[in-house]
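Asks: The residues making up each chain are set out below.
Number of protein chains: 10
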Amino acid sequence: MPMTREEVTSAIIDAKKARGLTWKAIAAEVGRHPVWTTSALLGQQSMSRNEAELAGALLGLDEACITALTECPTKGSLDSDIPTDPLIYRLHEISQVYGSTIKALIHEEFGDGIMSAIDFEVDVERVEDPSGDRVKITYNGKFLPYRKW
Amino acid sequence: MPMTREEVTSAIIDAKKARGLTWKAIAAEVGRHPVWTTSALLGQQSMSRNEAELAGALLGLDEACITALTECPTKGSLDSDIPTDPLIYRLHEISQVYGSTIKALIHEEFGDGIMSAIDFEVDVERVEDPSGDRVKITYNGKFLPYRKW
Amino acid sequence: MPMTREEVTSAIIDAKKARGLTWKAIAAEVGRHPVWTTSALLGQQSMSRNEAELAGALLGLDEACITALTECPTKGSLDSDIPTDPLIYRLHEISQVYGSTIKALIHEEFGDGIMSAIDFEVDVERVEDPSGDRVKITYNGKFLPYRKW
Amino acid sequence: MPMTREEVTSAIIDAKKARGLTWKAIAAEVGRHPVWTTSALLGQQSMSRNEAELAGALLGLDEACITALTECPTKGSLDSDIPTDPLIYRLHEISQVYGSTIKALIHEEFGDGIMSAIDFEVDVERVEDPSGDRVKITYNGKFLPYRKW
Amino acid sequence: MPMTREEVTSAIIDAKKARGLTWKAIAAEVGRHPVWTTSALLGQQSMSRNEAELAGALLGLDEACITALTECPTKGSLDSDIPTDPLIYRLHEISQVYGSTIKALIHEEFGDGIMSAIDFEVDVERVEDPSGDRVKITYNGKFLPYRKW
Amino acid sequence: MPMTREEVTSAIIDAKKARGLTWKAIAAEVGRHPVWTTSALLGQQSMSRNEAELAGALLGLDEACITALTECPTKGSLDSDIPTDPLIYRLHEISQVYGSTIKALIHEEFGDGIMSAIDFEVDVERVEDPSGDRVKITYNGKFLPYRKW
Amino acid sequence: MPMTREEVTSAIIDAKKARGLTWKAIAAEVGRHPVWTTSALLGQQSMSRNEAELAGALLGLDEACITALTECPTKGSLDSDIPTDPLIYRLHEISQVYGSTIKALIHEEFGDGIMSAIDFEVDVERVEDPSGDRVKITYNGKFLPYRKW
Amino acid sequence: MPMTREEVTSAIIDAKKARGLTWKAIAAEVGRHPVWTTSALLGQQSMSRNEAELAGALLGLDEACITALTECPTKGSLDSDIPTDPLIYRLHEISQVYGSTIKALIHEEFGDGIMSAIDFEVDVERVEDPSGDRVKITYNGKFLPYRKW
Amino acid sequence: MPMTREEVTSAIIDAKKARGLTWKAIAAEVGRHPVWTTSALLGQQSMSRNEAELAGALLGLDEACITALTECPTKGSLDSDIPTDPLIYRLHEISQVYGSTIKALIHEEFGDGIMSAIDFEVDVERVEDPSGDRVKITYNGKFLPYRKW
Amino acid sequence: MPMTREEVTSAIIDAKKARGLTWKAIAAEVGRHPVWTTSALLGQQSMSRNEAELAGALLGLDEACITALTECPTKGSLDSDIPTDPLIYRLHEISQVYGSTIKALIHEEFGDGIMSAIDFEVDVERVEDPSGDRVKITYNGKFLPYRKW
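Residue numbers (the working numbering), protein chains in the order written: chain D, 82 to 230; chain A, 82 to 230; chain B, 82 to 230; chain P, 82 to 230; chain Y, 82 to 230; chain G, 82 to 230; chain V, 82 to 230; chain E, 82 to 230; chain Z, 82 to 230; chain L, 82 to 230.
Please keep in mind that the hints were generated in silico from the structure rather than gathered at the bench.
You may find that some hints are simply not true.
Below, a list of computed lysine-lysine pairs in the PhoX-like style, where the Cα atoms sit at most 20 Å apart [unchecked claim]: (1) A:Lys-105 - L:Lys-229; (2) P:Lys-229 - G:Lys-217; (3) E:Lys-105 - Z:Lys-217; (4) D:Lys-229 - B:Lys-105.
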């Protein structure tokens with residue numbers, strides 16, 4: 082019986098734990114940014130054959146897992162539309178509270194269109210701060226103007 | 082009959098349009114960042130009396146609107162949990178695709194806890210790029226470790 | 082009291098009816114494709130000032146309606162996620178029945194990525210057929226490969 | 082224990098992968114269009130005995146899978162009404178943004194009725210374009226006028 | 082301010098009540114079956130100009146209502162997917178209890194395809210019965226085989 | 082481990098397929114109408130011991146399955162409230178489009194009350210028609226007047 | 082503009098309050114049980130002309146309200162499927178906790194069928210009790226066996 | 082692997098069936114009312130050790146099942162908020178149709194408060210009736226006045 | 082036209098704002114705890130005639146508002162089941178994260194039963210703390226054991 | 082196959098039962114408050130290595146379970162947004178009835194901001210009372226003011 086993509090993801094998380102690896106260390110081996118690499122390993126991106134083999138060698142994955150990493154997944158990493166996990170819920174809350182503001186300012190700056198979520202990068206960083214370190218998440222996507230015809 | 086907060090927001094948007102103002106220009110007058118100022122004017126933050134009067138004078142708002150800007154609003158700017166507007170939906174999609182990755186990397190870096198959405202700032206910027214300018218959205222929130230007791 | 086975008090749309094539909102115009106005739110006046118023009122008049126696109134004035138003159142719209150046509154709307158023309166109107170429901174059913182097929186074939190042809198719904202055109206045509214004329218709807222969107230970083 | 086239709090679909094996808102086949106190659110063997118063939122193999126159509134045997138021989142399916150391909154399936158290929166996968170979500174977004182427009186133009190051209198989703202064909206094509214190749218999806222369905230009695 | 086279709090429907094129901102008419106009497110005047118006529122008056126079908134004028138004359142409707150009856154409506158007469166009214170809920174319950182049976186028997190008799198809900202008639206009749214009269218509802222729709230291509 | 086009612090239903094469908102039986106043939110053996118018999122075999126009705134044994138003998142069911150057919154099931158044959166299968170969805174669409182009409186006409190004919198879905202029969206028939214055969218579904222339920230006390 | 086049924090209900094509640102009447106006193110005047118009378122006045126039953134006139138005279142209702150009380154209403158008195166009001170929620174909770182028990186015991190006593198909610202009466206009584214008075218709600222409905230055919 | 086409470090419930094239903102017991106007979110052995118006993122056996126109440134052993138001996142349950150019957154369960158016996166089973170749905174329909182009436186009459190009789198669903202009993206009885214026997218369900222709960230402080 | 086309870090609540094909030102009152106000051110005048118008084122003024126409790134008159138005099142409410150405060154309201158102060166306002170959402174999150182813990186500990190301490198939400202008090206206090214003041218919310222409800230019968 | 086966190090939780094509950102331990106006794110061993118310890122064991126908190134080993138030794142857990150207790154879990158202990166279990170539902174009801182009051186009073190006392198659910202403690206206590214003991218639940222969270230920038 083072949084593995085589902087969710088089972089591949091579980092196997093990867095278990096291998097990472099068993100070998101005491103970090104997401105950043107795997108990303109360094111693969112030669113990609115930690116966010117992209119983590120999202121690929123969590124089943125949201127498709128790796129090249131070479132990237133999958135590098136990750137597979139480090140994690141000790143079998144051929145089926147390595148192949149799975151090269152395929153186009155059905156994306157969407159959350160169980161429900163409104164996540165119950167507090168960390169992930171905060172992203173939802175930010176969209177609720179600041180979504181209309183972000184829309185207003187993008188339209189003021191660029192006109193009608195959107196920030197692409199495909200030609201798009203994410204970064205997650207620690208910002209040191211004496212009153213408590215901060216998390217900085219950066220979204221960077223190409224502006225796509227609405228086509229007129 | 083007093084105005085609801087939604088009616089205050091409509092009145093502000095109409096006044097802004099009638100006077101040909103931009104969100105950035107109002108923010109400059111108020112002395113706050115454009116994202117914070119826009120979200121306050123769209124009913125998601127509470128201004129100080131002074132900030133509300135500066136905004137009110139520029140926009141020609143009446144006393145009821147100015148007072149409304151100083152009150153703690155019921156926050157949440159979207160009509161539904163899964164927004165239909167494509168620009169705002171992309172924020173939801175990013176949480177769906179990258180949410181588990183962001184959770185994994187914050188925990189790897191900081192341990193158990195969350196990025197605050199209250200002690201929190203957003204920025205929206207244009208990044209010039211020869212293959213098409215890009216939108217950069219930055220979330221910056223204090224890391225809050227889970228309390229143990 | 083200013084008009085909401087829904088009221089602008091109602092006013093446009095009433096003016097079209099009162100003057101006996103067709104969507105195609107308005108599109109010809111505006112100089113755009115009927116699908117784009119209709120979707121703009123139904124509150125889903127933003128017109129240039131010139132386009133809005135041409136449409137406004139033909140339909141006899143007032144200045145507030147003409148201005149509204151030039152603004153970036155909150156998009157989404159349906160009342161609910163699963164439409165009850167049978168004609169619109171068929172589009173939902175097609176996504177249900179053929180969605181996984183379309184995903185499989187786009188990935189086979191292009192690799193990981195999507196068809197843009199922003200850099201995108203729709204056409205609706207009549208195809209004559211002796212056993213009953215047919216409706217042909219064409220979606221044409223730029224392929225956007227997933228960015229790796 | 083007999084296989085569910087979902088297990089038949091999994092077995093087909095695994096066989097296709099193991100034998101290095103493409104959907105187009107299977108369709109050529111079956112003698113049907115790639116969209117129809119793919120949707121039949123993904124459990125949304127019923128094949129004739131001969132078509133199922135041709136597909137089965139190429140994929141090395143057992144008798145139970147071949148028989149399953151000839152039965153009338155319970156159709157609907159998506160897990161939820163609002164798909165989270167970005168490629169499939171775009172079809173939902175197109176219905177949200179352009180659905181009322183498509184309804185208006187079909188009624189203007191044909192009167193009251195719908196485009197059939199049963200007497201219906203889909204095509205998916207690549208359109209070469211110097212500024213980036215495009216995906217072209219064509220829906221072609223018989224117009225069905227509402228019966229009056 | 083023009084009337085919405087819901088307001089037209091309310092006006093028709095009020096006029097019917099004020100004039101002491103029955104749905105059957107209006108249908109006889111219009112020259113159509115009571116089910117079709119009632120559904121048209123309740124905003125689910127589009128009448129010819131002549132039918133709308135006959136109904137309008139009998140009910141004393143103004144020109145705006147008569148025109149509204151000739152337009153293609155947004156169909157769907159219920160407030161929610163699962164109706165709370167007990168009479169209408171029973172139709173939902175019948176689909177829940179007998180839906181899989183009806184699917185199995187149509188496929189056994191006709192092969193893969195559906196009963197059209199567009200090339201379709203409904204009848205509602207009283208069947209006298211000594212142990213209590215019965216309601217007989219008949220659905221009659223063209224069988225549409227799934228197209229293969 | 083005893084079988085769930087869903088597993089009994091699967092076993093029946095498999096036995097029917099393996100023996101090349103039709104629903105109508107099983108109904109003839111059981112001595113009941115095909116709709117009732119099919120719905121009982123699909124887990125929506127309870128058979129008498131004798132009926133269950135006749136069906137069991139024809140299908141080669143074991144004692145546990147035969148007993149299960151005599152028990153009062155938890156009824157409801159669909160996975161969700163709004164079915165995605167096109168054939169079954171049409172029943173939902175008919176309720177949406179004609180539900181208010183059916184309610185109006187039953188009340189006009191009978192007064193306040195409902196058509197029973199318990200003291201109730203369904204029939205599914207083929208109606209030959211030169212322009213394409215038709216499906217005729219008949220609902221026949223006792224009228225139940227609302228009790229006053 | 083005619084009143085909706087909800088507006089009729091509001092008018093009745095206001096008249097009752099203004100005249101200092103109780104539901105029981107109105108029921109005594111109408112000559113019906115307090116539960117039935119209250120549910121009719123709250124828009125869930127249809128009164129005879131005589132009953133409506135008696136209630137109307139006591140409450141000082143106008144002709145439009147009296148007529149509305151004689152019509153078959155769209156039933157369903159709650160805003161949502163899961164009520165938020167604690168008193169009404171308890172009815173929902175009882176169905177959640179005791180629903181499967183009630184089903185099991187009715188089937189054990191009567192066989193396959195249901196308790197009618199149409200040929201049905203409700204009573205609400207106070208039961209004096211030294212440790213705190215109790216509410217007793219009685220449901221009394223005809224058993225309807227499932228029809229076999 | 083220990084049993085879930087759902088598996089305990091299944092085991093009890095199977096044992097009851099295998100031994101030809103009725104819910105009433107088990108209740109007599111346990112020394113409790115049939116409704117309470119059935120709801121405890123269906124996983125909605127917690128038995129004393131002695132009650133669980135009496136039930137266990139009669140049904141032939143193992144120690145794990147007997148222990149499970151003494152634990153505080155997670156209550157809620159239905160799969161969904163709006164049940165599809167017709168018998169259980171009628172309880173939901175009664176709340177929809179009579180809920181506002183029951184609220185009005187309890188407040189008229191007792192003032193602000195609720196009928197407890199915890200200090201609460203249910204009874205299910207057969208009422209013989211020449212025109213068809215009737216089901217009588219009695220809810221009896223302590224009135225709890227809202228506390229003021 | 083009489084006021085709805087929501088309109089009474091709006092009138093109270095406006096009067097409070099216009100007169101520069103605090104919730105605590107109104108509670109002191111009424112002679113009740115601030116939480117109870119605020120919830121009564123926000124439409125969730127029923128006041129005695131005397132309490133309503135004291136609040137009404139302080140706020141300058143008219144007779145209709147004062148009467149409304151004495152009636153049993155339809156309770157439930159939130160727009161949706163999952164609140165979008167961050168402050169109120171945190172209460173929902175606490176139930177999600179700590180709900181199963183609270184259930185386990187109440188059962189360990191008290192056995193099977195619940196904390197009443199009717200014979201129940203809430204308090205909200207400020208706790209001074211050098212690392213940032215804290216909010217302390219106390220729920221205090223009578224333990225209600227499940228009745229056995 | 083590694084255990085899911087839900088399986089770890091089940092194993093802990095079974096071990097606790099088999100060894101006759103209470104949540105309070107485990108907490109005493111771990112050296113943490115019973116609420117925090119219980120929520121950690123139920124999969125809502127992450128323990129230090131030492132705490133996990135103390136709990137593991139007392140409960141006889143294997144290494145995999147002990148490791149799982151040290152990891153950051155996906156939080157959210159309830160199956161659905163509106164819980165059906167009566168004890169947990171009461172927490173939801175309290176938010177519905179008192180949520181707007183709590184928001185009003187926190188804003189009156191502290192200004193715009195929230196009570197943290199992360200820098201947060203819960204306590205559950207028994208309060209002896211001659212008219213029936215009471216449950217006292219205390220929420221204690223840091224006030225977080227909304228950041229302005």
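Asks: Checking against the hints above, which ones are violated?
Replies: The structure conflicts with hint 3 only, although it agrees with all the remaining ones.
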